[in-house]
Amino acid sequence: MMKKLLVVDDEIAIRNMFQETLRRAGYTVRLAESGEKALEILEKENIQVIFLDLKLPGMNGVDLCRRIRKDKPIAVLYAVTGYASLFDLAEGREAGFDDYFIKPVDIEVISKAAQDAFEKLYRWKEG
Amino acid sequence: MDDNPVNLRMEQRMLSKKGYRTAVATNAAGCIQAARKLKPDLILLDIVMPEMNGLDACKVLRRDERTKDIPVIFVTGRTDDEVLQEAFESGGTDYVRKPVSATELLTRISSALSQKILIQKLLEEEKLDGMLEMAGAVCHELNQPLQVISGYSTLLMMDMAETHELYGYVTEIREQVERMAAITKKLMGITRYEACHYVGKTRIVDIDRASGRL
Numbered sequence: 001m002m003k004k005l006l007v008v009d010d011e012i013a014i015r016n017m018f019q020e021t022l023r024r025a026g027y028t029v030r031l032a033e034s035g036e037k038a039l040e041i042l043e044k045e046n047i048q049v050i051f052l053d054l055k056l057p058g059m060n061g062v063d064l065c066r067r068i069r070k071d072k073p074i075a076v077l078y079a080v081t082g083y084a085s086l087f088d089l090a091e092g093r094e095a096g097f098d099d100y101f102i103k104p105v106d107i108e109v110i111s112k113a114a115q116d117a118f119e120k121l122y123r124w125k126e127g
Numbered sequence: 128m129d130d131n132p133v134n135l136r137m138e139q140r141m142l143s144k145k146g147y148r149t150a151v152a153t154n155a156a157g158c159i160q161a162a163r164k165l166k167p168d169l170i171l172l173d174i175v176m177p178e179m180n181g182l183d184a185c186k187v188l189r190r191d192e193r194t195k196d197i198p199v200i201f202v203t204g205r206t207d208d209e210v211l212q213e214a215f216e217s218g219g220t221d222y223v224r225k226p227v228s229a230t231e232l233l234t235r236i237s238s239a240l241s242q243k244i245l246i247q248k249l250l251e252e253e254k255l256d257g258m259l260e261m262a263g264a265v266c267h268e269l270n271q272p273l274q275v276i277s278g279y280s281t282l283l284m285m286d287m288a289e290t291h292e293l294y295g296y297v298t299e300i301r302e303q304v305e306r307m308a309a310i311t312k313k314l315m316g317i318t319r320y321e322a323c324h325y326v327g328k329t330r331i332v333d334i335d336r337a338s339g340r341l
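Protein sequences appear in the order of chains Y and F.
Residue 93 in the numbering used here is what sits at position 93 of the first sequence, and the numbering runs on without skipping anything.
Residue 242 in the numbering used here is what sits at position 115 of the second sequence, and the numbering runs on without skipping anything.
Since the hints were derived computationally from the structure, they do not count as laboratory data.
Among the clues, some could well be false.
In the DSS-like style, the derived pairs of lysine-lysine whose C-alpha atoms are separated by at most 27 Å in a straight line are [said to hold, decoys possible]: (1) Y:4 / Y:72; (2) Y:37 / Y:70; (3) Y:125 / Y:55; (4) F:195 / F:248; (5) F:254 / Y:55; (6) Y:3 / Y:72; (7) Y:112 / F:312; (8) F:254 / F:145; (9) F:225 / F:145; (10) F:225 / F:248; (11) F:313 / Y:55; (12) F:195 / F:164; (13) F:313 / Y:112; (14) F:186 / F:144; (15) Y:55 / F:312.
Reference excerpt, derived from the structure (chain F facing chain Y, CB under 8 Å, subset only) [claimed, not checked]: (16) 176; (17) 222; (18) 267; (19) 277; (20) 339.
One side of the interface only, derived from the structure: several residues of chain F facing chain Y at Cβ under 8 Å [as the list claims (entries may be wrong)]: (21) 273; (22) 274; (23) 315; (24) 318; (25) 322.
For every residue, glycine included, the Cβ atom is placed at its ideal position computed from N, Cα and C.
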């Protein structure tokens, strides 16, 4: 199975850093700078592991998560935020996030989260 | 403040019976000076006085940063609409008619002081809201570059042997990022307004106390 994931963040430096980290960990990484761009990519490609920044231009991360969750019930969706108060835990769970990380997050934690996500997907598919 | 010493003594007696401490002035200039120095919780101000009247004195008090928030109750024998309107326009909080009744005076004082406490509370809440919004913006803006520096310094450390001459520098960069991340974490935990003295008269928010860590 090709391990492809999507990183959505409006800051190019963060997108590039996540890409480099996850590429080194063996993943194919797609990048989007907005919710709209993310939906465009997800329409064309089968991606089931997604890291979402919460504060995005246009559609925010929580609304984007809701939209993605409708079409991808087993996808693993992680919120990544620079400000914890933007993330209301109950709202985040209700929107469909599996977990969240507060920036700056250790990139080893991000790599481990990606690994856990693919293991979870694998179990679902095998089971 | 009253230019009539008999009125002053009578009002002082009424107030001291209820536990209020008072200072007196017999003219506007003395009242303004005392208010700046003593910063009382409330000022009782006669309107009709020689030289500067009570209304003008009140305007001066309102313009001065040191006295602008002190409630002023006018004590006046004149109750015509024109004077009362001027009293409020000059910044007065309330008025009491002469001859002064103890019950009316004490009720008006109590009400003005409660109002002052309420305003202070609202201002504190406003200050806290502003501080939290600022803290949120600072956290968000700082955590973005911190994420990038932290990520790339970790990647560099992965690529370097521990014996590399630059390894120590990269470790230091990462440690300092962690230190800054700890500060933004504290900022995110702010729940109340707390300030401390920095240098001289400058005050800064005490992040540890404001976030409940002390």
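Verification of the supplied hints:
1. Y:4 / Y:72: Satisfied, since the Cα-Cα distance of roughly 15 Å is no more than 27 Å.
2. Y:37 / Y:70: holds, 17 Å
3. Y:125 / Y:55: With a Cα-Cα distance of about 32 Å, the restraint between residue 125 of chain Y and residue 55 of chain Y is violated, given a limit of 27 Å.
4. F:195 / F:248: Given pair residue 195 of chain F, residue 248 of chain F holds - Cα atoms ~17 Å apart, limit 27 Å.
5. F:254 / Y:55: holds, 25 Å
6. Y:3 / Y:72: holds, 16 Å
7. Y:112 / F:312: Distance of about 22 Å is within 27 Å: holds.
8. F:254 / F:145: violated, 33 Å
9. F:225 / F:145: holds, 20 Å
10. F:225 / F:248: violated, 32 Å
11. F:313 / Y:55: Holds: residue 313 of chain F and residue 55 of chain Y sit about 21 Å apart, inside 27 Å.
12. F:195 / F:164: Roughly 13 Å between the alpha carbons, so the hint for residue 195 of chain F and residue 164 of chain F holds.
13. F:313 / Y:112: holds, 26 Å
14. F:186 / F:144: violated, 30 Å
15. Y:55 / F:312: Given that 27 Å is the threshold and the Cα spacing comes to 18 Å, the pair holds.
16. 176: violated, 54 Å
17. 222: With Cβ-Cβ at 46 Å, over 8 Å, it is violated.
18. 267: holds, 4 Å
19. 277: Nearest chain Y Cβ about 4 Å off; hint holds.
20. 339: violated, 15 Å
21. 273: Cβ of residue 273 of chain F sits 4 Å from chain Y, so the hint holds.
22. 274: holds, 4 Å
23. 315: holds, 5 Å
24. 318: violated, 11 Å
25. 322: violated, 21 Å
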